[in-house]
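Put together the whole structure using the sequences plus the hints.
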Amino acid sequence: MEIETSSYGMRVRTAKSYEEAVAATREALKDQGFGVLTEIDVRRTLKEKMDKEFRRYVILGACNPPLAHRALTTELEIGLLLPCNVIVYEEGGGAVVAALEPEKALGIVQNPALAPVAREARAKLEQALRNLA
Numbered sequence: 351m352e353i354e355t356s357s358y359g360m361r362v363r364t365a366k367s368y369e370e371a372v373a374a375t376r377e378a379l380k381d382q383g384f385g386v387l388t389e390i391d392v393r394r395t396l397k398e399k400m401d402k403e404f405r406r407y408v409i410l411g412a413c414n415p416p417l418a419h420r421a422l423t424t425e426l427e428i429g430l431l432l433p434c435n436v437i438v439y440e441e442g443g444g445a446v447v448a449a450l451e452p453e454k455a456l457g458i459v460q461n462p463a464l465a466p467v468a469r470e471a472r473a474k475l476e477q478a479l480r481n482l483a
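When the letters of the sequence shown are read in order and numbered with our numbering, they come out as residues 351 to 483.
The reader is advised that the hints may include incorrect statements.
Stated by the list, open to error - Cβ pair distances, simulated, as ranges:
no.: 1; residue 1: Pro462; residue 2: Gly383; range: 22 to 30 Å
no.: 2; residue 1: Lys397; residue 2: Glu377; range: 24 to 32 Å
no.: 3; residue 1: Pro462; residue 2: Asp391; range: 34 to 42 Å
no.: 4; residue 1: Glu398; residue 2: Leu422; range: 31 to 39 Å
What the hints assert, rightly or not - EDC-like cross-link-like pairs, simulated, lysine to aspartate or glutamate; straight-line CA separation at most 20 Å:
no.: 5; residue 1: Lys402; residue 2: Glu440
no.: 6; residue 1: Lys454; residue 2: Glu470
no.: 7; residue 1: Lys366; residue 2: Glu354
no.: 8; residue 1: Lys380; residue 2: Glu470
no.: 9; residue 1: Lys366; residue 2: Glu352
no.: 10; residue 1: Lys366; residue 2: Asp381
no.: 11; residue 1: Lys454; residue 2: Glu476
no.: 12; residue 1: Lys366; residue 2: Glu476
no.: 13; residue 1: Lys366; residue 2: Glu440
no.: 14; residue 1: Lys380; residue 2: Glu369
no.: 15; residue 1: Lys380; residue 2: Glu370
no.: 16; residue 1: Lys399; residue 2: Glu389
no.: 17; residue 1: Lys366; residue 2: Glu377
no.: 18; residue 1: Lys402; residue 2: Asp391
no.: 19; residue 1: Lys366; residue 2: Asp391
no.: 20; residue 1: Lys454; residue 2: Glu354
no.: 21; residue 1: Lys454; residue 2: Glu425
no.: 22; residue 1: Lys454; residue 2: Glu427
no.: 23; residue 1: Lys402; residue 2: Glu441
no.: 24; residue 1: Lys380; residue 2: Glu476
no.: 25; residue 1: Lys366; residue 2: Glu441
no.: 26; residue 1: Lys397; residue 2: Glu440
Read the hints as simulated data drawn from the structure, not as lab findings.
Idealized CB from N, CA, C, for every residue including glycine.
Have a look at this one:
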């Protein structure tokens, strides 16, 4: 499975159903030391708040405690950019799983001491995405 990139994220497409992809994403993140702290069901929220229909789409707020600790002790207000958002949504009979690219997100802070943390977070998220194959 190839990881596709954009200017701010990385994603994989899978033939798994949406439900299977959400469960597999949680496991893949766990295997890389991430816990899911928040979950936003975008479809349900848009229906409840605006009576709008939308595809199945979830935002998972994933945190790797050792990496978060390193980032926070380096740059206290980095919490504005935490946790790492990972999304899963339906597309074409399968699902897409995407993650915010940590090096780009943390790069806006312009603190070179954060670079090793961002690189490690990216490597772990990339591995999680590869494990969804």
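Right, here's what the structure says about each hint:
{"no.": "1", "hint": "Pro462 to Gly383: 22 to 30 Å", "verdict": "24 Å, holds"}
{"no.": "2", "hint": "Lys397 to Glu377: 24 to 32 Å", "verdict": "28 Å, holds"}
{"no.": "3", "hint": "Pro462 to Asp391: 34 to 42 Å", "verdict": "38 Å, holds"}
{"no.": "4", "hint": "Glu398 to Leu422: 31 to 39 Å", "verdict": "33 Å, holds"}
{"no.": "5", "hint": "Lys402 to Glu440", "verdict": "17 Å, holds"}
{"no.": "6", "hint": "Lys454 to Glu470", "verdict": "13 Å, holds"}
{"no.": "7", "hint": "Lys366 to Glu354", "verdict": "17 Å, holds"}
{"no.": "8", "hint": "Lys380 to Glu470", "verdict": "15 Å, holds"}
{"no.": "9", "hint": "Lys366 to Glu352", "verdict": "15 Å, holds"}
{"no.": "10", "hint": "Lys366 to Asp381", "verdict": "19 Å, holds"}
{"no.": "11", "hint": "Lys454 to Glu476", "verdict": "14 Å, holds"}
{"no.": "12", "hint": "Lys366 to Glu476", "verdict": "18 Å, holds"}
{"no.": "13", "hint": "Lys366 to Glu440", "verdict": "10 Å, holds"}
{"no.": "14", "hint": "Lys380 to Glu369", "verdict": "17 Å, holds"}
{"no.": "15", "hint": "Lys380 to Glu370", "verdict": "15 Å, holds"}
{"no.": "16", "hint": "Lys399 to Glu389", "verdict": "17 Å, holds"}
{"no.": "17", "hint": "Lys366 to Glu377", "verdict": "14 Å, holds"}
{"no.": "18", "hint": "Lys402 to Asp391", "verdict": "13 Å, holds"}
{"no.": "19", "hint": "Lys366 to Asp391", "verdict": "19 Å, holds"}
{"no.": "20", "hint": "Lys454 to Glu354", "verdict": "15 Å, holds"}
{"no.": "21", "hint": "Lys454 to Glu425", "verdict": "16 Å, holds"}
{"no.": "22", "hint": "Lys454 to Glu427", "verdict": "16 Å, holds"}
{"no.": "23", "hint": "Lys402 to Glu441", "verdict": "18 Å, holds"}
{"no.": "24", "hint": "Lys380 to Glu476", "verdict": "13 Å, holds"}
{"no.": "25", "hint": "Lys366 to Glu441", "verdict": "10 Å, holds"}
{"no.": "26", "hint": "Lys397 to Glu440", "verdict": "17 Å, holds"}
In summary, the structure agrees with every hint in the numbered list given earlier.
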